[in-house]
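Undergrad: Go ahead and model the full structure; you've got the sequences and the hints to work with.
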Amino acid sequence: MDTHLEIERRFLVADPGILEGRSGTEIYQGYLSTGRETLVRIRLAGTEAWLGIKARTDTLQIRREFEYPVPRDEAQELLTLCGSRTIHKIRYRLPVAHHVWEVDRFLDQNRGLTIAEIELNSPAEKVHIPDWLGEEITEDPRYLNVSLAAHPFLTWKP
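With the numbering used here applied, the sequence shown corresponds to residues 1 to 158, in that order.
Taking CB as the label site, the calculated pair distances span:
#	residue 1	residue 2	range
1	Asp-140	Ser-84	20 to 28 Å
2	Arg-22	Thr-47	17 to 25 Å
3	Glu-77	Thr-138	31 to 39 Å
4	Lys-126	Pro-158	30 to 38 Å
5	Asn-121	Leu-81	29 to 37 Å
6	Arg-22	Arg-56	31 to 39 Å
In case anyone wonders, no lab produced these hints; they're calculated from the structure. Quick reminder that beta carbons are idealized off the backbone N, C-alpha and C, glycines included.
TA: Below, the structure written as structure tokens:
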């Protein structure tokens, strides 16, 4: 099995109240390159920073992913090169059954949007879907972080 595969499912959060009283990590993420097949991003999360490369596969559920730690000061400089192709969010980690859900509450031009994702070992892996989740958006490209950087949630037409 390819150790660089990211297999995940993503859902809208129907009840953002589940985050009340919880601590999260502030994340700034920007896109240095957004090609059709691959993207290059920089992420600052708390005191850490990473350079990431993601490559498409046949489905949005599975992507090839490579991440490398970078010095935070260099990451901040790289983030300025992203221009408006950035997102700002708070990430919460919620343990449920035998998994940990990562829940992102978006800020700024994506405020009002809360997305939960879970990383899996295989596409067929069984997972408990908590009742605070709403619609599954795994295969909806509008909700990819790179898409939200280019077309923020607040600009969507109802």
